[in-house]
Every structure is written in structure tokens, then in C-alpha cells.
Amino acid sequence: MTMRIPVSALIGLTMMAFFFSLAVFAPLIAPYGIGEVVGDVWEPMSAKHWLGTDNIGRDLLTRMIYGARTTIFIASAATVLSFTLGTLLALSAVVLGGWVDMALSRFIDLIMTIPTLIFALVVLSVVPTSILILIVLMGLLDTTRVYRLARAVAVDINVMDYVEAARLRGEGTRWIVLREILPNALSPLVAELGLRFIFMVLFISTLSFLGLGVLPPDTDWGAIVKENKEGLVYGIPAALAPAVAIATLAISVNLVADWVLNRTTSLKGGRNA
Amino acid sequence: MREAVAHNLVEIRGLKIGATVFTPGEKPKNVEIVHGVDLNLEKGKVLGLIGESGAGKSTIGLSTLAYGRGGIRITGGEIFINGIDILKNSVGELRDLRGRQVTYVSQSAAAGFNPSKRLMDQVVESCLSHKLCSRKEAEERAVTLFRKLGLPDPENFGKRYPHQVSGGQLQRAMTAMALCPEPDLVIFDEPTTALDVTTQIDVLASIKEAIQDTGVGALYITHDLAVVAQVSDHIMVLQHGRMVEYGTTDQIINNPQKDYTRALVSIRSTIHDETPAKGEPVLKLDNVSARYRGLNFDVVKDVTLEIHPSQTLAVVGESGSGKSTLARVMTGLLPLRQGSVSFNGETLPAALEERSKEQLRELQMIYQMADVAMNPRQTIETIIGRPLEFYFGMQGAEKRARVIELLDEIELGESFLKRYPAELSGGQKQRVCIARALAAKPRLIICDEVTSALDPLVADGILKLLLNLQEIEHVSYLFITHDLATVRAIADTIAVMYQGNVVRYGPKSKVLEPPFDDYTDLLLSSVPEMKLGWLEDVISTRKMDSAGN
Amino acid sequence: MPTHLILLVIQRLALGVLLLLASSVLIFAGTQILPGDVAQAVLGQAATPEAIANLREEMGLNEPAVSRYLKWLFGAVQGDFGNALTNGADIGASISKRLGNTLFLALWAAVISVPLAILLGLIAVRFRNRWPDRLVSAMSLATISVPEFVIGYVFMFFVAVKLRWVPSVSMINDSMSLMQKLQSIALPVIVLTFVVLAHMMRMTRAAILNVMESPYIETAELKGLSRFAVITRHALPNSIAPIVNVVMLNLAYLVVGVVVVEVIFVYPGMGQYLVDHVAKRDIPVVQAAGLIFASVYILLNMAADIIGIVANPRLRHPK
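Protein chains in written order, with numbering that gives the first Met the number 0: chain B, 0 to 272; chain U, 0 to 548; chain X, 0 to 318.
The hints are simulated quantities; they were obtained by calculation from the structure and are not laboratory data.
Since the structure is predicted, the reported quantities are computational estimates derived from the model, not experimental observations.
Heads up, some of the hints might be wrong.
Said to hold, decoys possible - To list a few chain B residues with every Cβ distance to chain U over 10 Å, as calculated:
1. S91
2. D108
3. L139
4. M159
5. R166
6. N183
As the list claims (entries may be wrong) - Among the chain B residues that face chain X by a calculated CB cut under 7 Å, a handful are:
7. L109
8. I117
9. L123
10. G230
11. L231
12. G234
13. A242
Heads up, the beta-carbon is just placed ideally off N, CA and C, and yes, glycines get one too.
Okay, chain B solo, but in the shape it has when bound (with noise of 0.2 Å):
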């Protein structure tokens, strides 16, 4: 049986195509240097500048350009970040059981009593603010959430009976990690791993936002609304684009999501069932 891509997951894929080569390519796309003045303050959009110009005239499509390579860099890097961290974290818990498991599954506990934004907004009145320090940030605090669906998918596996009978066959931990209990984790973790993506491109864009992420010269999404974001009083839509570009990416990476999570279960389902 073929598996068919549903027209929503293929438009999803497209546009997230589109967004990383945005990102990989970046200088060789962009029209302009990323700081670079090239015309007045806000001007329209033109042939010359397709999105207009800035707030203090440079061009927004080349900002928007660079914008992505950065959000998305540190959304994907964060990302993989929390997803290794959780799903060793989570595996080795559900795996060695005890009070290495309860220990660590407190501790997620407490940190996620305290909203991740708040926590973030904590930490980053103490430290210097870098991208280096912001990703690790980032994928420390979203680690917690990374960890409970794991270990909770994980723990669902470890009282299978087939895993049982794998234990009573005297298999080692690495054979029932690696061949019993992660090859049946594995779909529902891809899907949420586009959640957290998604999640990781809000995080950063609303830091940014809020002028405590990405610090020029460096620029993102989020920090391009902060810039433009008194011209809206003038009517001037500049803060629109980048505010459009990551509703965007968030739902083609969504549409994705969605289909994999679908898949998933069609295979829990059996294959011809």
C-alpha cells in the first residue's frame, strides 16, 4: 500500500521548502546587505524594493530574508537541542526506573510550574543575551515538555508484552531500548517534533518581539515587527510581512505535523486494517 500525501501536508511541505531554502541561501537571495540603507524611511512597495523599506530605509525583503535564516536557525537548532535532550533524558528514566525516573520526572514537574516565558524572561534579566545563550535557553526550558511526551509514549511501550517477552528472553537494555521501544516511539515523536519547531519559531519571535532575543546587528522575525512596529499608527503594514511570514511557516509546519501524527496512527492501526 502507497501512502498517498494529502493536498494539505504537500502545500505544508512546499511552503516549508520555500522558508529553508530562504534560510540556507539567504546572502546569495537577498537583494540588498542586510544593514544596509538604501532609500528613505518606509517607502512603498516598489519594482525596486518588493516589501518597501524600513523603518530607518533599508530593504525589508532583504531583512526578511535574513530574518528567516535566523529564526529558523535557532528554532531548528533549539529544537534539536530539547528533542535529544528529552528523549535521552525520557528513554533512560523509563528504561532504569526507580528513583533515577522519579527524580528527574519531579524536577520536570517543579520547572514546569513556572510559565516558560516567565522563566526565559527571568534568566535573560541576568544573563548577556546571545544567540548561542538564547538557544540553549530555549531548548533547556522546552526540554521539560520534550520529556514528558516521551517518557509517557515510552512508558506506554515498557509494559508491552512484547517488550516483557524480550526481557524474559534476556535481551540487554541497549536491544530493548534501540529495537523494542524506540522504533514504536518514533512516529509520535516526528510528529511532535514539529510542534516544538513551531513553538520554538513563537518563542524566539515573541523574545525578539519584546527586544530581549535577537539583538542587532543580528536580525529575525520577531525583532522586524519590533522595528516597524510604530509605522501600523501611520498605516505603514511593514510590521505585517514578518508577523505574516511566521503565521506562515507555523502553519505549513502545522499541515505537516498533522499528517505524520495521522500516519502514525494508521500504522498503530495495522497496516491493512
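Chain B is fixed; fit chains U and X onto it per the hints.
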């Protein structure tokens, strides 16, 4: 024709039922699950609908309420209740039918009762919403029914919440709920299947009495022919949504015409001849006690048992008897608290981690739910091949050849190599699990309720396979089950467990012959037998006994 | 109420207090024990060593962390959060006024979003897999994918700037009448409503569906009860606990959403206060505001759990 309709309570003509199957990633598919069934039921009579899973018996039962679960709907035919075609009914007329003319008793009363309302409120609800009588009158009816159904403290029983009473009591309360509005027809959908056998007999007897007393007509749906033989006047045998045979209960049980019916009738009659104990015991339990962490009492108490080569020990008991816990102790999943387990004459380390690979190899296990006993991401070849690789270091062609050999032994064959568990039927899955256990060339296989999730005929096939394999491989079985028919079919020795204790233990011929202890007597006499009048006989014998005491 | 139920509730309350304490430790630790010197962070890289030493002395940074924490905690319990580093103002006083404003905003957002979300959730369930359900699901997918500030600016741009229905900045002060205040916060309330609506609706839908698929609903339908009676007598009593839980969790979510919305509309509440002082690295203020946000969040979660305990018939009527 109208004449006939007017006489019968239920008259079904050419009933077709379809279901929509939703496969993720594919368009919803319509399939037909009942292919034109005719059925008659006279007023005050009981018709048994019998068949294996997928026969369409519950679906047909619910159709008399013009109701279909999930994507199920009636696609053709006519259903007359008291002469009126209910499929032409308006929504209002349907409401008038449901809960007033026709009522329903489901398999799981525990789930069927609303957890946040008192039982009485739920039992009288139909009477009140259909304005059949006053609340006071309805409650009086309910109390009468509670008493008739043998519920404790009938005056106050209704004040309790569903979670405050036992499963058997809930099943009776649901029967009371169905009878309270004095309907013409009650649908009993496997009302005793989820109960323990000693509870089942009492519930069955009270349901039968209530049916007789109220003169209500009933459709009694079950997969257990012996059960339905006790309560019904007529029986209809169904298979794959078609009628196989219809007749009086006497004719179906004593003179079945069709092969399928004959097979169903003879299911419980397989009896395996006892093999005498020979040689040193393979496994020996000495005064074993065990408990789960956090419990302050033993779940298994002071158990002493032996299993000899090529023999089958059946451990039989009801839920909570500790029989499955015993299996966990033997496998080392639950370290014992007291006593010892010896295997091949050596004492087995209590904990799994301390057992040698050889010890693990020689003691294999087969589970009740074959579905979850196999990794859904592995092919059958990987599943059966892994023990070969793990214990004997087999690789490549040698391993494959052995896997094929094992597949032949379980009567499946080479074509299954590349399949995944989800592509197999329930019986096939259980066969693969048997092959996986055999691959290790064990001396003892623990079989934990391996047939109880299967349809009777499939289960029979599995039991026969296990017996054949025992001849070929000279393996011993420890067979954990709640079903005495299974015990008769397979055991050489039997241990009866009750509340953690072994209350009776010995060769099959001794254990199943009088004189009995009280519990074994109760257990044995509670197993429905494939003969008419069995239920009355047992109940009257028990009444006489208690009167005599 | 049976005693063991009271015990369970007391247990949960105790856990809540414990979590409050633990979160205060986390917040304190987050600002004090992290690598990087606080005084250095406040004054910046260019500060002279003397200035840093002075500030350390002034902030009591030379004392051991535990005693500083205890001092801070005891102060906080009595409403004394010390003075802001940046302007020396009393933090407790600034907070009390701003907290009132924030709660005013959050309250109105809750008043609108909670009934709306439950209504939409019910509609989605009633027309399951039909177009109203799909529409509601698509809308919630869209809003979940969009950060709060995007919703905020889209509304501001079209409703306040293009249509000029309401002001784009939400000023609020004591001399305003309730109506004036409401008009002033209309836009932020709408945005906040949007922010929580999607989540709350989705979760309400799932909670009700879960109940509607229970076998006892089938029992009720087979009794010939009307749709309305099935829902009010059988579905609703069992849905209350999960729905209340959903509402509480989302109110907690609202507490975070409020931070961003206040910044967008320059609303004088706790969120804006917190963000401003994070940028200024005014640590005492950040600690105080962070603790208050976390407390509200923990209290709402605790309330959800307690309602869940009390509404459970198995616990209310033990065997």
C-alpha cells in the same frame, strides 16, 4: 402476511447492515456486515443469537432499537416490532420505542451506568421520561426487581453509586433497569461474559427467573452456546453476518444439522487423556509466597507444585486467585518473598537479572493477548528468528530454514515470513507466539490464558496444536486459565487456586472426581454444560444442599 | 464532604504551597546563582571594579545565598519586595496598582472567552465532522500557529488604525469610568480572547467528546431520552470536571499571554512592568514580578486539580 406480523413481537425481513470503515489516509469505505437476515420472535419467548466475533449478532440485536454503533447503519430490510416497521419511524416514535417497548442490557454494566448518578435514579429514568408511572410507583417496581434479582438489601440498594457495588450486582442492576419500564422486548448483549464463572451462574439464574416472571420477550446474544442453551426457547446460529441454522434449543443442542453448529456444540467435549508423571520434575515450587510492592498481604500464599517432563499442569482459578501472579514469580518478574523455585533440579535465582541465559531459554512464556506480545514493527521472520539468533547464534540461511520449519509446525508456512503481526488473524498471531516460544527449545512453556481472547473454534485449534507440539517437542506446559473446559482438554495435573491458595492439587482424574472441597465443587458445578435444564438442576441441587445444611 | 475527601484536598493544597516555595527557589536561583555576576550584569561590561563592589555591597550580594533567599522570601510574603534598582521606587507599591490593571484585563478576557469557548466546543461536538466542526478546527489551527503579537498587530492595524473604532493604545487610570476603561481595553481583550480561545475550544471539544463516547451515553440514548435530556442529565454532570480543568489551564495560559498583549498596547500592567525591567536588568523587580506570575499560574493549576477531586463521584461517594 400482515396476519403473521401481528402475532409476532419481532419480525425481521431481509435485514442488511452496513458499516463505514475509516482507514486513516484512505477514503472511508462502506462494507456490508449483515447480509440479509430473517428472524421471528413470539411474545414472551427468548431467542438466543449465537456466533463468533464478526458474526453480526450484537449489531442485529441493536437494530431492533434502530440503533447502530459508530459508523454502523441499517441499509436494507424491514424490522417489525409489535407489527410496526420501526425503520419507518420518526425520531419521536423511535424515542417512544427505546426504553419503553425495547430495552437493552450491555456486556459491561460497569461502563453502562453513569458514574455520577445513583443507581435508583438511573433504573427508574425510563419509566419517568416515558411517563409510564409516578416516581413512587417506579421505585417500588425497582425494589421489587432488585429483590427478584437477588440483590442485597433491595430497599436501599438504589441509593448507591455504580462504583460502590460489585460487577455481578451491576449486571443485575442493569437487568432491573431494562425490566423496570415493563418492556415487550429486552436485548441481552453478552450480559454474563465479563463475569467470573461462579458469579455468572447466579446472574444467569436470576436473569432467567426475571424473564419468566415478567413474561418479557428477549433476544439473548452470546458466543457461549452452553449459556444460551439455559435461557432460550429458540437459537439462531450466525456466522459472518449470515444465518447458519435456526431451531429450537433442543434441536440445536441435541441434533444440529450444519457442520458449523456441530463444531460449536462439540467444542467443550475435547478431553485429553492423562499422561502419568515420569522422571524428575522439570519445575518445582516449594512453599512459595509473593506479594506486590506496597501490598501488606501475599497474593500467592505458600504454594507447592511440581511439573513433570512432557506433562501439562493447569492452574485454574477466577480473577484475583493469584494464578497470573504465580506465573510472574516463575519467570522472575516478581521476586518471591518466601520459598523456592527449582528448575531442572537447581534452585532458580528469584530475580530475572540473576538467571543464566540457559535458564531463561528453557523457560518460555506465551501471553493472552497475542496482539501486544509481538513488536508491531518486526516481521514474523524477525520475531521467530530472534530467539534462534539470541540463544543459538543462528544466522542467515540456517536461521531462515529453521524459522520456516517452525512456521510449518504451527501450520502457517513460508508465505508468512515477510508479514507483520497486524496482517494476521487472532489465531495466527497466537500461533506465531507459540513458534517464538518453541524456537528456544524450552523444557517448559508458561501459557497465560492463551486461548481466552480467541473465539471458541480458534481456541480449540490452538489447544490441539499445543497438544501435538507436546508430542513432538517433549515440552511441559504450565497452563494458566479460568476455563475448566480448557483444563479438561489439555491438563495432566491440575491445581485449583482460590484467593492466593492452592485449594486442590493432583492428577486430573483425582481433582475432577468427588469428593470435592467446597470451592472446587462450586467452581466445577458453575461451568455451563451443553445440555438443557443444566441451570435448573444446579440451582435446585444447591438449594437442597443449603436446606440440608 | 467525607473526611478522606477533605484530606485529599488538604494534601493538594499542601502540594500547592510546596510548589510555590519551590518556584520561589527557582526564580531566586535563576537570578542569583547563574553564571555571570548580577552586579556586573546590572552595570554592564564598562563598569569600574569599585562601582561593582559598591553595588554588590548595596544588594547584599556578599551574604550567603541562603540567607539572602530567606530574607527575600520573608519580605515577599509580607508584600515587601524591596526597591527597584533603576529608580528606587518601592516595588510592592508599583506592583499592587499594576496587578489590579492586569487582573482587570485578564478578567474581562476570561469573561468573554470562557463561555465562548465552551459554546464553540459544544457546537463542534454537536456537528462533529460536519462543516461547523471543521471551520472551528481550522480556525483554531490558524490561531495556534500565530504568536500573540501578530494577532495583536493585525487587530490594531485594521480595527484601530484603518477603521479607527478604538484607540490603538490602551491607557487606563483611576479617573476613568468603567465604560471608558472597557472601551480602552476592548482591543487587548479581543486579542487575549483570540489567544486562549483556540486552545480552550479544542480542549473543551475533546473533553466533551470523550464523555459523549462513553457507554453510559449509549445507555441513555437507548432509554429513548431526548438529545437534550441525554446531554443535560448524563453528559453534563460528567463533563463539568474536565471542562473546569480545561478552563483553569487556559486561564493559566492567559496569564502568560497577557505579558505580550500589554506590551503591544502599552497597557500599564504587570507584563509590561516585567518586560521593561528585564531589559533594564532590574533584578529585584524581575524577581517580584516573576514570582507573582508563577504564583497565579500555580494557584490556577491547583484550583483545577481541587475541582477535579471534588467533582469525582468515586471520591465523593466512597465505597
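Interface exclusion of S91(B) relative to chain U, criterion Cβ beyond 10 Å: With a cut-off of 10 Å, S91(B) remains clear of chain U, as the shortest Cβ separation is near 18 Å.
10 Å Cβ clearance of N183(B) from chain U: violated (6 Å)
When the least beta-carbon distance from G234(B) to chain X is tested against 7 Å, hint result: holds (5 Å)
Does the no-contact call for D108(B) survive, Cβ to all of chain U over 10 Å? holds (21 Å)
Hint validity - A242(B) Cβ closer than 7 Å to any chain X Cβ: holds (4 Å)
Assertion that M159(B) lies farther than 10 Å from chain U (Cβ): violated (5 Å)
Reported absence of R166(B) from the contact zone with chain U (all CB gaps over 10 Å): R166(B) is in fact no farther than 10 Å from some Cβ atom of chain U, at 7 Å.
Hinted contact I117(B) with chain X - closest CB pair below 7 Å: holds (5 Å)
Is the interface hint satisfied for L123(B)? The criterion is a beta-carbon contact with chain X at less than 7 Å. holds (6 Å)
Is the hint on L231(B) kept, meaning its closest Cβ partner in chain X is under 7 Å away? holds (5 Å)
So, L109(B) near chain X? Judge it on the closest CB pair being under 7 Å. holds (5 Å)
Chain X contact restraint for G230(B) - C-beta distance below 7 Å: violated (10 Å)
Hints 4, 5, 6, 10 from the earlier list are contradicted by this structure; the remaining hints agree with it.
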